[in-house]
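Novice: Using the sequences and the hints given, assemble the complete structure.
Using this note's numbering, the letters of the sequence shown correspond one by one to residues 1299 to 1531.
Any given hint could turn out to be false.
Claimed, not checked - Below, in silico cross-link-like pairs of lysine-lysine (BS3-like), each with a Cα-Cα straight-line distance of 27 Å or less: (1) Lys1340 / Lys1300; (2) Lys1314 / Lys1340; (3) Lys1309 / Lys1340; (4) Lys1314 / Lys1362; (5) Lys1413 / Lys1505; (6) Lys1362 / Lys1336; (7) Lys1363 / Lys1314; (8) Lys1314 / Lys1420; (9) Lys1413 / Lys1340; (10) Lys1309 / Lys1413; (11) Lys1422 / Lys1505; (12) Lys1363 / Lys1309; (13) Lys1362 / Lys1300; (14) Lys1336 / Lys1363; (15) Lys1340 / Lys1362; (16) Lys1362 / Lys1309; (17) Lys1300 / Lys1336; (18) Lys1340 / Lys1363; (19) Lys1309 / Lys1336.
Honestly, the hints are just simulated from the structure, not real lab data.
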Amino acid sequence: MKSLQGMEIRKLGSNKGTPRLWIEGSQASRAGFLPGMKLRVKLDEDRCMLVLEAADDGERVVSKKVVREREVPVIDIQNESLLGIFVRMGLTAVRIVVQLRRIFVLPIASEVRAKERLDRLKSKLANDEPLLMGSFSSGIGILDRAAHTGLEEAGIRSRLAVANEIRDDCMQHAVEHNPVFDAQTILLTAPMQEVVFDNWVMSQLPKLDGMVLGILSRGGAMEPMRGRHKGAT
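Specialist: What follows is the structure, given as structure tokens:
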């Protein structure tokens, strides 16, 4: 059985300049790692992942410590060749994913996404490719045009790839009069929450390099409620 047993964020430590990872207690126990058991440790550099697997011929042994007269399993990894891959990514913590008889050590998901965004941004700037911008609570796109103009004056090309606005009259005005909106801009005329909760729509959107967030007006926010109260009376 290899279903998920748990997940935890663990800090990477250091001992005399060597990275160190300490896994103990409930997560080790849920994986079935008990004091005295042998385990094998394998580094998968392509997937940026460290795999700890219970094995009779493993080269490491699960240690223990006593907490309130109870033995607690401890897995102590202190090795540059195994943990250096995470240190070189600039990580100070890692993600521990637990299955039965296996523990995976991976970069924190948010850090992976951040690195992907940064790498993509650097590549586009180096190759003079336009940055794909997104706009939420667009209104008629005043902030979007200001952002586009500012980037252009700095020598950075950009294109409005996605625009979200709840009011169709504002969206229509922007399409007709705002030069930042072009034929390729994806128009999402709907409440913001309906967009982000729609898995299919979100899966169709391009990866954005930047976002412009408008301030939702109080009048716009209250308008649906007014209509609802009128209908109730």
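Novice: If a hint holds in the structure, say so; if it doesn't, say that too.
Specialist: Hints, one by one, checked against the model:
At roughly 18 Å between alpha-carbon atoms, Lys1340 and Lys1300 fall within 27 Å of each other, so this suggested pair holds. A distance of roughly 23 Å separates the Cα atoms of Lys1314 and Lys1340; the hinted pair therefore holds under the 27 Å criterion. Straight-line distance between C-alpha atoms of Lys1309 and Lys1340 comes to about 20 Å, which keeps the hinted pair within the 27 Å bound. Between the alpha carbons of Lys1314 and Lys1362 the distance comes to roughly 23 Å, so the proposed pair stays at or under 27 Å and holds.
Simply put, Lys1413 and Lys1505 have alpha-carbon atoms about 14 Å apart, close enough for the 27 Å limit, and the pair holds. With a C-alpha separation of about 13 Å, the suggested pair Lys1362 and Lys1336 falls inside the 27 Å cut-off, and the hint holds. Between the alpha carbons of Lys1363 and Lys1314 the distance comes to roughly 22 Å, so the proposed pair stays at or under 27 Å and holds. For the hint pairing Lys1314 with Lys1420, the CA-to-CA distance comes to about 34 Å; that exceeds 27 Å, so the pair is violated.
For the proposed pair Lys1413 and Lys1340, the alpha carbon gap of about 24 Å is at most 27 Å, so the pair holds. At roughly 19 Å between alpha-carbon atoms, Lys1309 and Lys1413 fall within 27 Å of each other, so this suggested pair holds. Our distance criterion of 27 Å between C-alpha atoms is met by Lys1422 and Lys1505, whose separation comes to about 13 Å. Using a Cα cut-off of 27 Å, the hinted pair Lys1363 and Lys1309 holds, with the two alpha carbons roughly 19 Å apart.
Distance hint between Lys1362 and Lys1300 is fulfilled; the C-alpha atoms sit about 25 Å from each other, no more than 27 Å. Under the criterion of a C-alpha separation no larger than 27 Å, the hint pairing Lys1336 with Lys1363 is consistent with the structure, at around 16 Å. At roughly 22 Å between alpha-carbon atoms, Lys1340 and Lys1362 fall within 27 Å of each other, so this suggested pair holds. Our distance criterion of 27 Å between C-alpha atoms is met by Lys1362 and Lys1309, whose separation comes to about 20 Å.
Note on Lys1300 and Lys1336: the hinted pairing holds, with a Cα-Cα distance of about 19 Å set against a maximum of 27 Å. Taking the CA atoms of Lys1340 and Lys1363, the gap is near 25 Å; set against the 27 Å cutoff, the hint holds. For the given pair, Lys1309 sits about 24 Å from Lys1336 by alpha-carbon distance, which is consistent with the 27 Å threshold.
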